[in-house]
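Please build the complex by placing chains B and C on the supplied structure of chain A, with the hints as guidance.
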Amino acid sequence: MRQYFIARFLSIIPKLLVITMLIFFGLKLLPGDPLARLVNPEEMSGASLEQMEAKREELGLNDPVIVQYVRWLGNMLKGDFGYSLTSHSPVRKIIAQRFPATLEICGLAMIFAAFFGLLMGCQCARHRNTALDYGNTVIGLIGSSFPGFFVAMCLIMLFALKLKWLPTGGRMTVGETGLLARLKYMVLPSFCLGFSMIANVMRMTRDSMLDVMNRDYITTARAKGEKEGVIFAKHVFRNGCTPVILLLIGRFSLLVGGSTIIETVFNYPGMGMLMITSISASDYQVAMMVLLLAAVMVLLLSAVGDVIIALLDPRVRFGKA
Amino acid sequence: MDTQNTILQIDHLKTRFKVGKKTVYAVNDVNLSVARGHVQGIVGESGCGKSVTMRTVLQLLSPNAYIAGGDILFAPEPGGDAIDLAKMDRYGEEMRAIRGQKIAMIFQNPMASLNPVYTIGSQIMENLLLHEKVDKEEAKKRIINLLAELGIPEPEQRYNEYPHQFSGGMKQRVMIAIAMICNPGLLIADEPTTALDVTIQAQILRLMLELREHHGTSVIIVTHNMGIIAEYCDDVAVMYMGRVVESGTVRQIFQNPQHPYTRALVRCVPVPGMPKTNDLETISGSTPDASIAFDHCEFEPRCKFATEACRKGFPQAVECEPGHMVSCFARGGQS
Amino acid sequence: MEAKKKSTRSSNSKRQFQKLLANKLSLVGFIILVVITLMCTFAFLLTKWDPSFIDMSLRYAEPSSEHILGCDQSGRDVWARVLYGGRISIAIGIVCSVLANVLGAAVGCVSGYYGGKLDQALVFVKEIFGCFPTTMIVLVVMGLSGQGVLVMCTIFVLTGWPSTMSYVRSRMLSLKTETFVENLRSTGVGSISIMFRHLLPNTLGVFIINITTNIGGYVLSEAGLSFLGLGVPKGIPTWGNMLNAARSFTVMSEHPLLWIIPGIAVSLFALGAHFLGDGLRDVFDVKTED
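If you're matching them up, the sequences are chains A, B and C in order. Heads up: the first sequence begins at 1 in my numbering, then just goes up one per residue. Heads up: the second sequence begins at 1001 in my numbering, then just goes up one per residue. Heads up: the third sequence begins at 2001 in my numbering, then just goes up one per residue.
Everything labelled a hint here was simulated from the structure, so no lab data went into it. Treat the hints with care, since some could be wrong.
[Stated by the list, open to error] Each computed BS3-like pair below joins lysine-lysine, with the alpha-carbon atoms no more than 27 angstroms apart:
1) K1141(B) - K227(A)
2) K2019(C) - K1022(B)
3) K2126(C) - K28(A)
4) K1021(B) - K2126(C)
5) K227(A) - K1140(B)
6) K2024(C) - K1022(B)
7) K1136(B) - K227(A)
8) K55(A) - K93(A)
9) K1018(B) - K2014(C)
10) K2024(C) - K1021(B)
11) K2126(C) - K15(A)
12) K234(A) - K1141(B)
13) K1133(B) - K234(A)
14) K227(A) - K1018(B)
15) K2019(C) - K1021(B)
16) K227(A) - K1087(B)
[What the hints assert, rightly or not] Chain C stretches covered by chain A per the calculated footprint, using a threshold of three residues with CB under 8 angstroms from any CB of chain A:
17) 2129-2141
18) 2213-2227
[Claimed, not checked] Away from chain A, derived, C-beta distances all over 10 angstroms, residues of chain B:
19) K1018
20) I1067
21) A1086
22) A1104
23) E1126
24) T1199
25) Q1203
26) R1206
27) H1215
28) G1285
Just so it is clear, CB atoms sit at the ideal spot from N, CA and C, and this is done for glycine as well.
Pulled out of the complex, with its shape left as it was, chain A reads as follows:
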């Protein structure tokens, strides 16, 4: 068991290296003077050309690329992400503010999509080819067809402007920073993000549960005299939810990607909006770091997903699939 976990987490290292390399070369290819992105701009203001050249030498910008990469990686691990061109503050500080905000709405969206996707998918499987099945399918497909930002604007019109129940955007009111107070800012963005995922989760749940329901061991359970509801909860669901968990985790990168647009609509200060604003301002040091962070997050999550699967399925745990 422990071996499996260690092996799984070690297996992400090569990917991690390739991802960081891609970002590193992406940064190398950026137009403009790299010095401006690496050094605190206040320190460098009014520096002479000689001083800048000295600094360049000191930072090793004239070293071979591989050496630079390794040093850069070391800096990243120390938390030195460079400086933003526009706000002149360290990227680490900016991201540290924005990261939790995105994590909150993506997490809530994930919970939302998982709950309704599983619930509706199970309903479809248990009542297949009935009105309930078709109804759920249509709702799900509507969710994946209406663009999130369009739904967002419609909901802002309805709940924020007409009914005035929820704010039009932002993350918190001054003075009220608790999670509960923030919740009303998170509801609409999370809904818009999660709604588009329901159809996929539901379809996967339905197909997976139906597949398990036809397995012989379900007949065995029935032959024991178990109740239909218990059979579904204990035997069908437990086996049928593994592909759904993998799907959910695989789709997390879609949520993070979608957060760019949704956060912009709701003026929600997360990483997605940070990315848009920094791209619009050609501040690529920030944009690249957001991209890197998102990729690393998705990578780590996929490993966590496999660990969850291993906990659920002994065949994976004992290394025999």
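Then chains B and C, alone, in the frame of chain A:
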């Protein structure tokens, strides 16, 4: 029904499947009676409805299947009252109380019949706790004893293992343990050894005979293998196209087969010492499409002895010697 | 023999077509797609206005008999812009979807058939792609390279192949072990021919489903990017560029018609594609795979 000597009696059972707009007539008119404490064999080609008949007994049918008529009388206690299983609600409490406790069933493919994510101990426990009020320690002891009785080595350790750690034969033993843990009166084995190696087959079947000795369980073995019938069963029923065409003791059926179909079945089993020049009998043609309802004897198109009467209607079951029933106008072609 | 094979194949596709007609959802989807596409293609029959004709005197004009859906912030006819804008949005959707799936199928085919080191490498590349949120890559590249239809389509195709690739690859892995492949090889049929002529057609069902659904997906992506102002250049009318107007709070709250109309157009089109795709899944009897 004589509940003293009979544990299960099936009368005029009909089971059908709705497949799209078609109806499949899987079980057409099955009459069968299983003697208490006997091993009853049911034999027939694949698709003859033998498995469906047995699944109908416990109503373990797919959602598109339904019972179109007939009775399944089951008498758990000798001399007690018989209850009609065919009239019960498929998912109802009465039916669930029978399943696993009074009548247990094991299936053709032991590889797929155990839930991969639970230990085998907990899967046996599930059946026990459903029907009996025992505390977990006590239950565990009983399960381990049963596993030992069924020839599973190191039962304490195996109790906590998962199905994928067991071989096919061992899995079938676990299935038997699930079936036997509540000491059911009747054990239905639906092709229990078809998916297993020949050497394992004999072990599993012998095990079922031992269970009958020790627990007094009546056993039904469904198979397409006449050799298994000859070796392990007391009585046998021969099925063709959803009907029992002939039934009796194994001796009666093998020595004095009446129905042309039974005769062909008996003669297509090679017997050791048989002269090499003797041809094994084959049955010409193939089983007709079950989605077409017949208005006369289903075997007629393949029968060498068919007469005008065979094309007009269904033969009634006749007792040709005590306990030996046959449904055929031609009665083995002697007429 | 050959004739018999042909007849079973045609009766098979006939049966699938009947199944498709019987599936009401996919029929509705199909009709939506065809109607919208036809309306956009023959836009000049449905409106007399030029979608790019600016008339500042008609800024935010209310719907009238002349301009049935009113005019936008530059006094351009909204109805004409929806129709003509659809042309480009739909074209982008179709082209990107077909190319991305062809690329995915080709890579998956090669990867699954040859296996070994090549397969490992391609799967590794696929997984690296999977780590980056697609929208974010597209945004960064679009930001760096500047807006343009061609650039956008290229990035869509380059980021869109992995899901088809992994399905085709896994089908290939199981198909190549079948006996008929052994037969083909023993009769001297070349690898390329086995791969693309004999094995690849077996994945046709998923290929068609993915193309259908992805057409909707790319129309949505175009809308999202252009909405952010990072997609199709502003001057070209597309559904996304029309929605972009709503980034101004005044337009969003005061002139909802300007963004609701293209929003509905995008949603309906995507809905049609998803309905059809979902129906095709039943027709080809494919299980969901990720």
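Status of the hints after comparison with the structure:
Restraint check for K1141(B) and K227(A): satisfied, since their Cα atoms lie roughly 26 angstroms apart, inside the 27 angstroms limit. Taking the CA atoms of K2019(C) and K1022(B), the gap is near 16 angstroms; set against the 27 angstroms cutoff, the hint holds. Among the hinted pairs, K2126(C) with K28(A) is consistent with the structure: their alpha-carbon atoms are about 24 angstroms apart, no more than 27 angstroms. Our distance criterion of 27 angstroms between C-alpha atoms is broken by K1021(B) and K2126(C), whose separation comes to about 45 angstroms.
Of the pairs offered as hints, the one joining K227(A) and K1140(B) holds, with about 23 angstroms between alpha carbons and a cut-off of 27 angstroms not exceeded. For a cut-off of 27 angstroms, the pair hint linking K2024(C) to K1022(B) stands: about 22 angstroms separates their Cα positions. Annotation: proposed proximity of K1136(B) to K227(A) holds, straight-line Cα distance about 21 angstroms (limit 27 angstroms). This hinted pair checks out: K55(A) and K93(A) have alpha carbons roughly 23 angstroms apart, not beyond 27 angstroms.
Of the pairs offered as hints, the one joining K1018(B) and K2014(C) holds, with about 24 angstroms between alpha carbons and a cut-off of 27 angstroms not exceeded. Simply put, K2024(C) and K1021(B) have alpha-carbon atoms about 18 angstroms apart, close enough for the 27 angstroms limit, and the pair holds. For the proposed pair K2126(C) and K15(A), the alpha carbon gap of about 11 angstroms is at most 27 angstroms, so the pair holds. Distance restraint check for K234(A) and K1141(B): the Cα-Cα separation of roughly 24 angstroms lies within the 27 angstroms cut-off, and the hinted pair is therefore satisfied.
For the proposed pair K1133(B) and K234(A), the alpha carbon gap of about 20 angstroms is at most 27 angstroms, so the pair holds. Of the supplied pair hints, the one linking K227(A) and K1018(B) holds, its CA atoms being roughly 24 angstroms apart against a limit of 27 angstroms. Of the pairs offered as hints, the one joining K2019(C) and K1021(B) holds, with about 14 angstroms between alpha carbons and a cut-off of 27 angstroms not exceeded. Simply put, K227(A) and K1087(B) have alpha-carbon atoms about 19 angstroms apart, close enough for the 27 angstroms limit, and the pair holds.
Counting residues of the stretch 2129-2141 of chain C whose beta carbon lies closer than 8 angstroms to any beta carbon of chain A gives 10, which meets the minimum of three for the stated coverage. Chain A is given as covering the stretch 2213-2227 of chain C, and this holds because 5 residues of the stretch bring a CB closer than 8 angstroms to a CB of that chain, at least three being needed. Every beta carbon of chain A lies more than 10 angstroms from that of K1018(B), the smallest distance being close to 12 angstroms; the non-interface claim holds. Every CB of chain A lies more than 10 angstroms from the CB of I1067(B), the least distance being 16 angstroms, so the non-interface label holds.
Residue-level check passed: A1086(B) sits 17 angstroms from the nearest beta carbon of chain A, beyond 10 angstroms. Once the 10 angstroms rule is applied to beta carbons, A1104(B) is inconsistent with being away from chain A; the minimum gap is 7 angstroms. A cut-off of 10 angstroms between C-beta atoms contradicts the statement that E1126(B) is not in contact with chain A; the least separation is 6 angstroms. Every beta carbon of chain A lies more than 10 angstroms from that of T1199(B), the smallest distance being close to 23 angstroms; the non-interface claim holds.
Distance to chain A confirms Q1203(B) as a non-interface residue, since its nearest Cβ pair spans about 21 angstroms, more than 10 angstroms. Every Cβ of chain A is farther than 10 angstroms from the Cβ of R1206(B); the closest lies at roughly 23 angstroms, confirming the non-interface assignment. Residue placement check: H1215(B) keeps its beta carbon more than 10 angstroms from all beta carbons of chain A (closest about 18 angstroms). Against the 10 angstroms criterion, G1285(B) stays outside the reach of chain A, whose nearest CB is about 32 angstroms from its own CB.
Violated hints, in rising order: 4, 22 and 23; the structure is consistent with all others.
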